[in-house]
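*Asks:* Below, each chain spelled out in residue letters.
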Amino acid sequence: RIMRPDDANIAGNVHGGTILKMIEEAGAIISTRHCNSQAGEPCVAALARVERTDFLSPMCIGEVANVSAEITYTSRHSVEVQVNVMSENILTGAKKLTNKATLWYVPLSLKNVNKVLEVPPIQYTRKEQEDEGKKRYEEQKLDRLETKQRNGDVIFPIINPELHTVGYSQSSLIHLVGPSDCTLLGFVHGGVTMKLMDEVAGIVAARHCKTNIVTASVDAINFHEKIKKGCVITISGRMTFTSNKSMEIEVFVDADPFVDEPRDRYRAVSAFFTYVSLSKEGKPLPVPQLLTETEDEKRRFEEGKGRYLQTKAKRQAQMQQAAQ
Amino acid sequence: RIMRPDDANIAGNVHGGTILKMIEEAGAIISTRHCNSQAGEPCVAALARVERTDFLSPMCIGEVANVSAEITYTSRHSVEVQVNVMSENILTGAKKLTNKATLWYVPLSLKNVNKVLEVPPIQYTRKEQEDEGKKRYEEQKLDRLETKQRNGDVIFPIINPELHTVGYSQSSLIHLVGPSDCTLLGFVHGGVTMKLMDEVAGIVAARHCKTNIVTASVDAINFHEKIKKGCVITISGRMTFTSNKSMEIEVFVDADPFVDEPRDRYRAVSAFFTYVSLSKEGKPLPVPQLLTETEDEKRRFEEGKGRYLQTKAKRQAQMQQAAQ
Amino acid sequence: RIMRPDDANIAGNVHGGTILKMIEEAGAIISTRHCNSQAGEPCVAALARVERTDFLSPMCIGEVANVSAEITYTSRHSVEVQVNVMSENILTGAKKLTNKATLWYVPLSLKNVNKVLEVPPIQYTRKEQEDEGKKRYEEQKLDRLETKQRNGDVIFPIINPELHTVGYSQSSLIHLVGPSDCTLLGFVHGGVTMKLMDEVAGIVAARHCKTNIVTASVDAINFHEKIKKGCVITISGRMTFTSNKSMEIEVFVDADPFVDEPRDRYRAVSAFFTYVSLSKEGKPLPVPQLLTETEDEKRRFEEGKGRYLQTKAKRQAQMQQAAQ
Numbered sequence: 001r002i003m004r005p006d007d008a009n010i011a012g013n014v015h016g017g018t019i020l021k022m023i024e025e026a027g028a029i030i031s032t033r034h035c036n037s038q039a040g041e042p043c044v045a046a047l048a049r050v051e052r053t054d055f056l057s058p059m060c061i062g063e064v065a066n067v068s069a070e071i072t073y074t075s076r077h078s079v080e081v082q083v084n085v086m087s088e089n090i091l092t093g094a095k096k097l098t099n100k101a102t103l104w105y106v107p108l109s110l111k112n113v114n115k116v117l118e119v120p121p122i123q124y125t126r127k128e129q130e131d132e133g134k135k136r137y138e139e140q141k142l143d144r145l146e147t148k149q150r151n152g153d154v155i156f157p158i159i160n161p162e163l164h165t166v167g168y169s170q171s172s173l174i175h176l177v178g179p180s181d182c183t184l185l186g187f188v189h190g191g192v193t194m195k196l197m198d199e200v201a202g203i204v205a206a207r208h209c210k211t212n213i214v215t216a217s218v219d220a221i222n223f224h225e226k227i228k229k230g231c232v233i234t235i236s237g238r239m240t241f242t243s244n245k246s247m248e249i250e251v252f253v254d255a256d257p258f259v260d261e262p263r264d265r266y267r268a269v270s271a272f273f274t275y276v277s278l279s280k281e282g283k284p285l286p287v288p289q290l291l292t293e294t295e296d297e298k299r300r301f302e303e304g305k306g307r308y309l310q311t312k313a314k315r316q317a318q319m320q321q322a323a324q
Numbered sequence: 001r002i003m004r005p006d007d008a009n010i011a012g013n014v015h016g017g018t019i020l021k022m023i024e025e026a027g028a029i030i031s032t033r034h035c036n037s038q039a040g041e042p043c044v045a046a047l048a049r050v051e052r053t054d055f056l057s058p059m060c061i062g063e064v065a066n067v068s069a070e071i072t073y074t075s076r077h078s079v080e081v082q083v084n085v086m087s088e089n090i091l092t093g094a095k096k097l098t099n100k101a102t103l104w105y106v107p108l109s110l111k112n113v114n115k116v117l118e119v120p121p122i123q124y125t126r127k128e129q130e131d132e133g134k135k136r137y138e139e140q141k142l143d144r145l146e147t148k149q150r151n152g153d154v155i156f157p158i159i160n161p162e163l164h165t166v167g168y169s170q171s172s173l174i175h176l177v178g179p180s181d182c183t184l185l186g187f188v189h190g191g192v193t194m195k196l197m198d199e200v201a202g203i204v205a206a207r208h209c210k211t212n213i214v215t216a217s218v219d220a221i222n223f224h225e226k227i228k229k230g231c232v233i234t235i236s237g238r239m240t241f242t243s244n245k246s247m248e249i250e251v252f253v254d255a256d257p258f259v260d261e262p263r264d265r266y267r268a269v270s271a272f273f274t275y276v277s278l279s280k281e282g283k284p285l286p287v288p289q290l291l292t293e294t295e296d297e298k299r300r301f302e303e304g305k306g307r308y309l310q311t312k313a314k315r316q317a318q319m320q321q322a323a324q
Numbered sequence: 001r002i003m004r005p006d007d008a009n010i011a012g013n014v015h016g017g018t019i020l021k022m023i024e025e026a027g028a029i030i031s032t033r034h035c036n037s038q039a040g041e042p043c044v045a046a047l048a049r050v051e052r053t054d055f056l057s058p059m060c061i062g063e064v065a066n067v068s069a070e071i072t073y074t075s076r077h078s079v080e081v082q083v084n085v086m087s088e089n090i091l092t093g094a095k096k097l098t099n100k101a102t103l104w105y106v107p108l109s110l111k112n113v114n115k116v117l118e119v120p121p122i123q124y125t126r127k128e129q130e131d132e133g134k135k136r137y138e139e140q141k142l143d144r145l146e147t148k149q150r151n152g153d154v155i156f157p158i159i160n161p162e163l164h165t166v167g168y169s170q171s172s173l174i175h176l177v178g179p180s181d182c183t184l185l186g187f188v189h190g191g192v193t194m195k196l197m198d199e200v201a202g203i204v205a206a207r208h209c210k211t212n213i214v215t216a217s218v219d220a221i222n223f224h225e226k227i228k229k230g231c232v233i234t235i236s237g238r239m240t241f242t243s244n245k246s247m248e249i250e251v252f253v254d255a256d257p258f259v260d261e262p263r264d265r266y267r268a269v270s271a272f273f274t275y276v277s278l279s280k281e282g283k284p285l286p287v288p289q290l291l292t293e294t295e296d297e298k299r300r301f302e303e304g305k306g307r308y309l310q311t312k313a314k315r316q317a318q319m320q321q322a323a324q
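As you go down the protein sequences, you meet chains A, B and C in turn. Here the first sequence stands for residues 1 to 324, numbered as in UniProt numbering. Here the second sequence stands for residues 1 to 324, numbered as in UniProt numbering. Here the third sequence stands for residues 1 to 324, numbered as in UniProt numbering.
Since the hints were made in silico from the structure, they are not lab data. Virtual Cβ for every residue (Gly too), placed ideally from N, Cα, C. Just so you know, not all the hints are guaranteed correct.
As the list claims (entries may be wrong) - Cβ pair distances, simulated, as ranges:
1. K96/B / R265/C: 25 to 33 Å
2. G12/C / S57/B: 51 to 59 Å
3. R265/C / S279/B: 46 to 54 Å
Said to hold, decoys possible - With the C-beta cut set under 7 Å, the calculated list includes, among others, these residues of chain C facing chain A:
4. R1
5. R4
6. P5
7. D6
8. E25
9. I29
10. G62
11. V64
12. L91
13. V113
14. P179
15. S180
16. L184
Generate coordinates for the entire structure from the input sequences, incorporating the hints supplied.
*Replies:* Have a look at this one:
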């Protein structure tokens with residue numbers, strides 16, 4: 001579809017969150033269709049996980065986003081979908097790869113939302129495809145288990161914070177979950193959640209560096225808990241790490257099922273977003289260094305540095321592999 | 001209501017689809033109100049057909065759209081509504097007629113969506129009004145029957161198409177039908193469908209001529225099949241004909257009720273849109289000629305030429321009549 | 001959240017209605033949460049009244065709106081909420097108070113929408129807080145009773161009105177209430193209604209003075225009647241009074257439950273909006289004087305003058321108090 005002014009920031013760059021939302025919608029459609037392709041209980045595919053994804057080139061207002069999705073692996077209860085987004089300037093005809101993403105879905109019964117159904121198997125053209133898919137499946141399963149145990153952290157407001165400290169740029173946003181945010185099952189679309197997370201992360205990044213910023217990448221996101229229609233969700237973000245030209249922001253989503261359910265507020269999702277600051281010509285700018293004050297902030301900075309160096313090393317390894 | 005940036009293209013011209021959506025909403029309101037004006041089963045009016053409509057002058061961001069609707073004929077089971085759209089520049093006070101449209105609705109029972117209810121008759125001030133209405137009613141009934149038999153065509157992607165061929169500009173878009181797209185009965189508003197059709201037709205036109213384009217007219221559209229909440233709809237468009245200064249695009253809407261219904265994908269609507277290319281001063285520009293390759297493309301081009309010449313002849317006859 | 005192009009007028013000023021909608025959403029969330037904080041029947045807080053509110057400084061596209069809400073008083077069946085809106089320019093870090101508003105909510109049972117539940121009492125830090133709250137509660141209760149008896153006026157279209165008369169600028173807008181406009185109970189959010197009212201008032205003001213206009217204040221609004229999903233609402237506005245630099249516009253909302261309910265059209269809300277006209281530099285401009293023609297128009301003009309002088313006197317008293 002054509003990118004509209006509301007999809008973009010003031011500089012005309014489409015929000016990463018808008019692109020994530022389109023990716024998730026395409027993934028939900030193809031996996032729901034696949035899971036209903038055999039006779040059996042009708043179901044809706046729910047997003048369980050999005051793998052780490054990079055935004056390769058910015059998209060602008062007036063461009064057309066071409067989204068294509070393909071099922072690349074099925075386990076007994078889950079579907080792996082690969083989604084590609086191309087941006088197309090319809091006036092010049094120029095096309096660019098904007099994003100490649102891998103998503104995992106599980107089919108939930110329309111009659112009983114707590115029942116996970118079986119996934120019809122797909123046919124592989126080569127045996128290696130199935131083996132590689134199985135390897136990816138096992139890896140993500142491990143990572144999902146790990147993050148499930150991670151402790152729930154809370155962000156408190158800071159009075160009169162110093163410029164460039166964590167407290168200075170931290171932000172939060174509340175949203176009342178309405179019917180247009182939800183699937184047929186009455187749960188929030190994963191893409192809607194990711195769009196709100198990107199919005200908060202973008203506000204944190206802009207507050208910190210006071211320039212035009214764009215989403216560079218999003219780390220793997222695990223959706224452990226569904227969010228029901230009528231909930232209030234609080235999306236909070238704080239900066240955890242800065243390199244010379246990038247900022248890492250941690251974003252939490254907490255759901256508050258305050259009506260009609262005997263349940264406390266709970267952590268639904270958390271993820272790391274990486275942003276870069278761009279000049280008017282679209283070149284990356286240096287970013288102000290994050291000032292850490294507490295022990296926790298220093299620890300999170302070091303952890304962020306670890307993730308940054310690991311990603312950098314992986315990318316160099318890939319480039320060397322490609323060069324061979 | 002006031003036209004917003006998201007209602008318009010980059011040049012500031014309001015999308016034809018936004019106007020069609022407003023027209024349909026006004027028509028649905030007036031005909032639903034009329035059909036519920038007598039004691040009896042409550043009902044919702046569903047769009048059955050839109051007559052051919054011309055976009056007489058472009059509307060811009062910041063202008064106010066004034067929509068007025070009137071019931072002009074009732075048969076036993078259908079209502080004819082005439083809708084006029086005026087654009088008003090609230091700063092200068094200037095008003096222009098943007099669009100005149102004729103729509104047909106049928107009342108469906110709220111309790112049983114497959115039951116068409118009876119329409120309370122309207123009073124005519126002159127006997128001729130009723131006779132003319134009856135003539136229009138018979139004509140559209142015939143045309144509806146005809147298009148119902150028309151064969152379902154499918155658009156396949158083309159690899160590496162040549163510039164200005166049919167394959168080069170053809171486009172498609174998928175949309176998951178959400179609650180805000182639907183009426184009280186849980187079916188897609190006709191106006192929502194038309195807006196999406198116009199969006200695809202606009203992308204086809206822009207890809208072909210790479211300039212600012214606007215909707216000039218829409219041929220009669222028949223809504224044979226309802227589309228239910230939760231469906232995925234695929235809207236596909238391909239160019240069928242070019243005259244010196246206009247492009248005709250055929251648009252198909254296919255619905256895929258992939259959840260909760262034992263039914264295959266089906267063709268819900270199809271229609272022809274005509275676009276023109278505008279210079280920065282708003283003057284029509286010549287358009288590149290469509291290159292037809294296959295026999296089918298050549299046949300469709302000739303059929304499009306037929307429609308173009310017929311419309312041109314009709315318009316000249318009307319102008320001569322007006323001049324007498 | 002970040003203000004988008006669709007939230008603002010052509011001059012880039014965010015619509016007062018967008019701000020009112022955010023205020024109401026925050027109020028609905030905090031009061032619904034409070035009313036469900038004790039074991040008992042689940043409920044949704046419905047807006048009963050908004051106190052008079054001033055727009056202190058305009059907000060622009062790209063700024064972040066910070067909305068904070070606090071419960072300041074509870075009676076047996078109602079909650080008073082104070083909401084503050086700050087606009088923040090995230091590039092410069094500058095913050096300004098945009099709006100302060102006081103809202104009253106009542107908790108309606110999720111199982112039976114006609115049942116008003118009891119509100120858990122809040123703790124006051126000082127006895128005076130409770131007494132002042134009680135005084136505000138009694139005052140608003142009186143005012144609510146008064147407006148309930150006010151007679152329903154209707155706006156008729158005028159043919160060929162003179163420039164600057166009441167008939168020249170009066171406007172109306174219809175809207176079909178969809179699912180995304182409604183709460184869990186299936187009734188329109190008060191904030192959605194206020195946004196539409198501001199849109200109509202803005203069109204009236206722009207038609208009258210043909211310049212860039214912004215909302216300066218909104219008088220107390222009482223929500224006597226709920227509006228159900230599927231209704232058609234007609235929002236009508238007419239100018240009642242002009243001072244040298246401000247315009248007062250009266251806005252009515254009429255609901256037409258034309259489907260599924262044996263009930264006539266009824267007046268759901270009415271309110272007075274005050275607008276000012278701004279130059280390109282953001283300075284208030286003189287406005288053309290309203291030409292009153294009928295006796296009713298002259299009477300309404302005098303009543304508007306009364307409200308204007310009363311507000312002016314109150315503001316001067318407050319400023320003197322602040323100066324002491």
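*Asks:* All the hints need checking, so say for each whether the structure fits it.
*Replies:* Status of the hints after comparison with the structure:
Checked against the hint of 25 to 33 Å, the C-beta distance between K96/B and R265/C comes to roughly 31 Å, which is consistent with it. Here the CB-CB span from G12/C to S57/B is close to 27 Å, at odds with the stated 51 to 59 Å. In this structure, R265/C and S279/B meet the distance hint of 46 to 54 Å, their C-beta atoms being roughly 48 Å apart. With a cut of 7 Å, the hint placing R1/C at the interface with chain A holds, because the nearest CB-to-CB distance is about 6 Å.
Look at R4/C: its Cβ gets to within about 5 Å of chain A, closer than 7 Å, so that hint holds up. Among the interface hints, the one on P5/C holds; its C-beta lies about 4 Å from the nearest C-beta in chain A, closer than the 7 Å criterion. The criterion of a C-beta within 7 Å of any C-beta in chain A is met by D6/C, whose closest approach is roughly 5 Å, and the hint holds. Taken as an interface hint, E25/C checks out: its beta carbon lies about 6 Å from the nearest beta carbon of chain A, inside 7 Å.
Of the supplied interface hints, the one on I29/C holds, with its beta-carbon coming within about 5 Å of a beta-carbon of chain A, less than 7 Å. The beta carbon of G62/C comes within 4 Å of a beta carbon in chain A, closer than 7 Å, and the hint placing it at the interface holds. At a threshold of 7 Å, the smallest CB-CB gap from V64/C to chain A is about 6 Å, leaving the interface hint in force. The interface hint given for L91/C holds, since its Cβ lies 5 Å from the closest Cβ of chain A, which is under the 7 Å cut-off.
Interface restraint check: V113/C against chain A, minimum CB-CB distance 13 Å, threshold 7 Å, status violated. The beta carbon of P179/C is positioned within 7 Å of a beta carbon in chain A (closest approach about 4 Å), and the interface hint is therefore held. The beta carbon of S180/C is positioned within 7 Å of a beta carbon in chain A (closest approach about 4 Å), and the interface hint is therefore held. At a threshold of 7 Å, the smallest CB-CB gap from L184/C to chain A is about 5 Å, leaving the interface hint in force.
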